[in-house]
Amino acid sequence: MIKRKNQIETIEKIVKFNQNKKTNFLYLKHALLEYIFQLDLNSSSKLMLIYLIKNINVKFYHLYVICPYNQFVRELGISKPTAVKSLKELNDKKIISVYSGKNKKRNTKVKEYFYDRKQFQLKIPYQHNIINLTIFYKTFFIYQENQSKEN
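Per the numbering used here, residue 22 is the first one in the sequence shown, and the count goes up by one each step.
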């Protein structure tokens with residue numbers, strides 16, 4: 022199921038990584054943006070990734086973002102096909118894990134993980150995406166460690 026210990030360790034690294042920032046450290050840290058810009062992705066996928074990072078709420082101790090396509094279209098100003106293509110590229114390049122569709126077993130387990138908790142008892146649209154950013158942060162921290170060894 023969900024590797025809860027793995028997520029908590031990654032979140033603790035994120036918090037430690039930028040413990041002195043008062044702003045959203047997941048979004049505004051220069052090293053994080055620099056890492057995103059050097060990834061081999063098209064510009065809409067980079068924009069999507071920054072948007073996803075901005076919408077993580079680590080105080081619930083998970084690195085999942087729940088977002089329907091309509092929200093991407095409205096808030097990013099991109100078309101639905103572009104949003105689908107960007108999520109697919111990020112998923113295919115193993116930067117994030119996307120769980121879409123109501124019939125997937127994994128999606129159901131992730132939804133159960135969220136919706137048995139009161140803070141996630143929201144009105145959820147039929148077509149939503151559950152996006153796991155743990156992979157992204159793990160690779161980012163490996164990148165950071167390699168950069169510090171080189172310097």
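Hint data in this document are derived by calculation from the structure and do not stem from the laboratory.
Treat the hints with caution; some may be incorrect.
[Unchecked claim] Once the Cα atoms are required to be at most 16 angstroms apart in a straight line, the calculated EDC-like pairs of lysine to aspartate or glutamate come out as:
| no. | residue 1 | residue 2 |
| --- | --- | --- |
| 1 | K115 | E96 |
| 2 | K67 | E30 |
| 3 | K106 | D61 |
[As the list claims (entries may be wrong)] Derived Cβ-Cβ restraints for the label pairs, each shown as a range:
| no. | residue 1 | residue 2 | range |
| --- | --- | --- | --- |
| 4 | P89 | Q59 | 16 to 22 angstroms |
| 5 | K101 | E33 | 32 to 38 angstroms |
| 6 | K75 | Q165 | 18 to 24 angstroms |
| 7 | F58 | V119 | 33 to 39 angstroms |
| 8 | Q168 | S64 | 19 to 25 angstroms |
| 9 | K109 | K75 | 35 to 41 angstroms |
| 10 | V119 | Q59 | 36 to 42 angstroms |
Since the model is a prediction, treat every value here as computed from it, not as a measurement.
Glycine included, each C-beta is placed from N, C-alpha and C at the ideal position.
Do the hints match the structure? See the list:
no. : hint                           : verdict
1   : K115 / E96                     : violated (24 angstroms)
2   : K67 / E30                      : violated (25 angstroms)
3   : K106 / D61                     : holds (15 angstroms)
4   : P89 / Q59: 16 to 22 angstroms  : violated (30 angstroms)
5   : K101 / E33: 32 to 38 angstroms : holds (36 angstroms)
6   : K75 / Q165: 18 to 24 angstroms : holds (19 angstroms)
7   : F58 / V119: 33 to 39 angstroms : violated (22 angstroms)
8   : Q168 / S64: 19 to 25 angstroms : holds (24 angstroms)
9   : K109 / K75: 35 to 41 angstroms : violated (20 angstroms)
10  : V119 / Q59: 36 to 42 angstroms : violated (22 angstroms)
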